[in-house]
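Undergrad: Residue numbers (our numbering), protein chains in the order written: chain A, 1 to 391; chain B, 392 to 494; chain C, 495 to 1187; chain D, 1188 to 1353.
Take the hints with a grain of salt, since some may be wrong.
To be verified - Only pairs whose alpha carbons sit at most 27 angstroms apart, straight line, appear in this in silico DSS-like list of lysine-lysine: (1) C:LYS540 with A:LYS381; (2) C:LYS535 with A:LYS332; (3) C:LYS535 with A:LYS380; (4) A:LYS380 with C:LYS540; (5) A:LYS381 with A:LYS332; (6) A:LYS380 with A:LYS332; (7) A:LYS82 with A:LYS54; (8) A:LYS54 with A:LYS86; (9) C:LYS675 with C:LYS535; (10) A:LYS156 with A:LYS86; (11) A:LYS156 with D:LYS1210; (12) C:LYS535 with A:LYS381.
None of these hints come from the bench; they were simulated from the model.
Given next are the chains, with one letter for each unit.
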Amino acid sequence: MANTLDQIFVLLSRWIVSLLPVALQPLVGILLSVVAIIAVFPGLFALTTVLERKGLGRMQNRIGPNRTGPFGILQPVADGIKSLTKEDIIPTSADAVVHFIAPLVLVVAVFMGFAVLPMGRNMQLVDMDAGLLFFFAIGASTELSIFMAGWSSRNKYSLLGAMRAVAQMISYEVPLLMSTVAIVMITGSLSLVKIVEAQNQYTWGLPHWYIFTPWGFAGFVMFCIAATAETNRSPFDLPEGESELVAGYFTEYSGFKFALFFLGEYLGMFSISGLGTTLFLGGWSAPLQVLNFVPSWIWFFSKVMLSITVLIWIRGTLPRLRQDQLMNFAWKFVIPMTLLNLIVAAVWHFLGDGWLRWIVCSAILLGVYVIGGRVQMRGKKFGPRSYRYAE
Amino acid sequence: MTPLAGYLLVAALVFAVGLAGALTRRNAILVLIGIELMLNAANLNLVAFWRYSPHPELLTGMMFAVFSIAVAAAEAAVGLGLVISIYRHARTTDLDEMNRMKG
Amino acid sequence: MQESMAQSFHCLYDCYGPLVGNLVLIPAVPMVAAGVIALLKQPRRKTAAALAIGSLSFSLIYSLFAFAYVVSGWMHGLPVRETVNFSWLTFGDGSVDLGWILDPLSAVMLVMVTFVGLLIFIYSTGYMAHDENYTRFFCFLSLFAGAMLGVVIANSLLLLFMCWEIVGLTSYLLIGFWYQKPSAAAAAKKAFLTTRVGDIFFILGIVWLFAQTGTLLFYSQGAGTLEPTALAGLLSAPAGLGLSAATAIGLLIFAGAAGKSGQLPLHVWLPDAMEGPTPVSALIHAATMVAAGVYLIARVYPLISAGVQPGGTTTALTVVTWVGAATAVFAALIAVAQNDIKRILAYSTVSQLGYMMAGLGLGGVAIGMFHLITHAFFKALLFMGAGSVIHGSHEEQDVRRMGGLRNSMRITWLTYLAGMLALTGFPIFFSGFWSKDAILESAHHWSAGHGPYFLLVFGALLTAFYMTRQVSYVFFGEYRGDGHAHESPRVMTMPLAILAFFAIALGVVGTPAWPWFRSFLTDRPAWFDFGGFHEPGLLALMLTSTAIVFLGYAIGWALYGNKSPRAEEPDALEKAIPPVWTALSNRFYVDEFYGGTVIAFYYWWARVADWFDRRVWGGLVALVVWFFGMLARFDRFFDENWVNGGFDKGCEELSVGGGLLARVQNGRVQTYLRLLALAIVVLAAILIWSSRG
Amino acid sequence: MNVVFWILAVITVLGGLTAVTLKNTVHCALAVTTAFAGLALLFLQLDAQFAGFAQILVYIGAVAILVVFAILLTRGSETPAEGVFSRTWFAGLLIAAAVFAVLGWAVLHSVAALPNESAAPAVTVLQIGTALMGRYVLPLEIVALLLTAAMLGAVIVAMHEKGEQK
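Construct the complete structure from the given sequences, taking the supplied hints into account.
TA: What follows is the structure, encoded as structure tokens:
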């Protein structure tokens, strides 16, 4: 029972495909999954916008949207309609073609990223042998679209925003990649499916998720930082820092294109947190052996949503960085630490099983982090912060 | 399936186009772009020959391509850095005006 | 347990427990610590000390584990000798292997070195507290500790030699630690060079050994140099002068050991080494490094004693014995007439090392090593006590300007007394008694004559004498220094107390009744029975040595006891027998002798070489210069009149041609690129064309 | 003759052509990016997944961005007054054509000798990794060194005037 429930989507698609003539079957099979992805994630996107706006509202001591529908549930629908019906403005001096292409490229690229994410047992569009590489290759091409958007709309805010975004994304792509390489080293495969399966084992009912190893944990922290920067979310949201440059690279966008950008942003968020889940949090594997009866896809999506919530929480909590701080942080702290992580992972691998590797690896990491933190924080003063809540 | 010749012809064409770009454009950056195109054409040849070689499992050609991609990245970085610094000095990226080394 | 032991004992080439497999950590960790400390900034004193002490305590713990492992193996009747060997570099079909070893010898030595070392590290935090080069000091110290431990665990003569040299280096660095003192710098140089003399012989021995056996590993499953097959080969190989290769190599290695352990005639550097900070003297020049020579001999004992019949001896052993005995007495004599508290101890160290060597030569590894261990403890104790005294009486080193300190420095006094009694071999209660007694006993039983026996007994007498002299100078009478003495801080006295305890207690494991130590090193089971005392002549022997020691105390007390002579008035002994005194106080003129012979020769030779340079070579050079000068003149003449004309013409031609070529060189990248492409086209065309036909 | 190949080929070549002909430099950069993408897809066509993804990652992810940055930093996007083509563009074009002629001629001449399709090699990333760490470890190290040197060089070349400006 549990198994059928677990595999329900797979079985469903198989069944549908089996109805068709053989010639069409592979094509339709793929199409089905694509459609599923294209259907599911925008839905999630709608859900998330509400979540974010209400959550942020609570954090900032506001109510958040609560007019449309019960508790403002229908807010995204309203937004969607609004953005669709709005006039689509293209600045006269803008470079029309590029201005038009940019959002498409972004959305397409982001959607392609989902192709390799295993969202449940046997639930991935393709199990590519170089899945991780594919993911990053696709992710890299989003930068270009952002640049196109910024440059084409002939507006210094947009241009600045784009430049910032690109610089930031390039700088943080390195640690993002590095922090995952450790996992590739340990798993011995770039295929996300294999990586998840490697984590889907249990000792004493506890899972072998990589986050539960010293290097894995450190890598996860680094990954989160880099991912937040990669998706241009606060505290790394300089490219669209409202207070500095109106809305960054999509200042000049309106109507549906704007919606596309918005969608692209959130999809990027999903895909990156999906990747994080897959790499560190054991993908679709259950957190406890006893919970295995719950369908795998439920686990995957709940984990993704969890990490999204954390992202929202961070956005509600942390102040925005300055550009130089951003760069220094990337090149002087995150990247060295990810490099260190590689070494630690190697040590872990070569020390073989046993308690020794736990002690050694944790010792190295702790030592370096403490010292590094000291060096970074030298001469910086942190005073207490006082909040005042309205009753 | 496509014969090897097809790939080779495409590679040759891309190479020629790149060369033309490198030879005809004024802007140093575009010359660099042309050179990148030529490099890519070479890579395509490498990969194609690897694919059609009797022993593709030896990976030779593809490895070569991968390495040349890496080298090309380095080349682009340095080249563009040079262009920028030249621009700082001469306030131009026009190759016709960069003839200080004239004999 | 049993099986694992058995398995590990009959170990094949590279099967060993994790414990032995990682044994290299013991030296490695302090060395790494040294490296890290070297990178520290000077003000980071705490960090440096913490690093050094932490790393060494790690080594200590690890060594204790190793020791326990060996002991348990031995208790199960399965003597442990596990080696980890690996090939360091390979040439042709030969290869130089390195490796490390865990056996009773190295285990005991490991524990001793790490333990004493740790105490001395702790002590130094107090002693060097006011030195601004604190970090450098600890860097050197832990480097030394690492190298020394490397010497201990080495299973390859080459690895041992490497660490040996590092040890020598650190000793040099530490003796010259206060290099701003010219005397210290000189002493450091002297130590380095003198030990070099020994080391040259040593490496000769190593090379020879390698040439003979093709390996430098001590033990590797029957293929090692110390294992029967190799030894048999060495014995059979002649080396001229009626010596076998084994003997010759043994002697060469012994020369190296003599250099490190300050045996006659290479002892001159050791007393001067006292220019270094006192902890250094205690650690390097009393407890560990100088013992390295003894340890080396103990390690290669199978080689030196190759082909020995039970009860008999070999040439090498005889040499070792005689040198040792001679050194023992010689140094003791000199020690009688020294006034620098540390120098006295230094000479006493030399003589004790003599004892160890003699012990090795006479009674084998166990006896020599036992004295080494006990001596390490009480001599370290004495040195640190001396350091504490010096510290307490305002950097005063002259015993005549001290005195009466027994009241002002209680702990130091008591611990020092313990050390002194142990050194002189006060009966029953002190470790020194048992270890020295064992040596005397074996000397007494020695088949090849009684010479060493009498020498050593005389040495014992002298030891008792000069120690009494020193103690009564330093601690009795009334204080003659300036200011008034004060006790040293806790961090310095605490190690003293610990060491004192061991100086007393260690004797337990070496009594004839319970020769635990000896049986441990010789892989025999040990049991307790008083029958040990009933061996013929043993009790008599013990009584004799006791009598001798007390005689020494008596004379010493009679001459110096409780009276406090002024520094300027002549020494009591000098009043008694002036000529002897002058000879002794001038250390038998050994330094002067060397100065008169070796060094003078070098000076002379240098002068000759200098003259040769100036006159002969200088003249030649001048000649050549003149010749070329003439040549040049001729050339000039030739040039100006004939060459230039044609050359100018050529130049014009060239410049014209260059002008033409320069058209092409128009500084446009694309032009060059174009030419390049053209060339490619042409070449490719030619290629294809040729390939067609 | 399969369709995908031809589509990709056309995309690539067109991308290249537009890249070298367009007036606006940024457009050129974008066009050349499409050419890169086309080439990457051609690699995939040739079952060289790894090379293809590497191509995308490096060229589209890094080189294209670099080029764009360079263009913006050098104000290259403003089309110069005296035309985008150098004075001697005609010669250049001729030579390029000649080169293509020679190459094409060579290819067409050796069509008969060219090897035929062999079975698609099952090359896993694992094999590539082991090859990189085994047979190709020296080149790998050297390339790593080169990249480091290049990075440092580029940084220094591009910012050595910082001292004067600040």
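Undergrad: Decide, hint by hint, whether the structure agrees.
TA: So, going through the hints one by one against the coordinates:
no.: 1; hint: C:LYS540 with A:LYS381; in the structure: holds (25 angstroms)
no.: 2; hint: C:LYS535 with A:LYS332; in the structure: holds (22 angstroms)
no.: 3; hint: C:LYS535 with A:LYS380; in the structure: holds (22 angstroms)
no.: 4; hint: A:LYS380 with C:LYS540; in the structure: holds (24 angstroms)
no.: 5; hint: A:LYS381 with A:LYS332; in the structure: holds (20 angstroms)
no.: 6; hint: A:LYS380 with A:LYS332; in the structure: holds (16 angstroms)
no.: 7; hint: A:LYS82 with A:LYS54; in the structure: holds (19 angstroms)
no.: 8; hint: A:LYS54 with A:LYS86; in the structure: holds (24 angstroms)
no.: 9; hint: C:LYS675 with C:LYS535; in the structure: holds (24 angstroms)
no.: 10; hint: A:LYS156 with A:LYS86; in the structure: holds (24 angstroms)
no.: 11; hint: A:LYS156 with D:LYS1210; in the structure: holds (22 angstroms)
no.: 12; hint: C:LYS535 with A:LYS381; in the structure: holds (25 angstroms)
No hint from the list above goes unmet by this structure.
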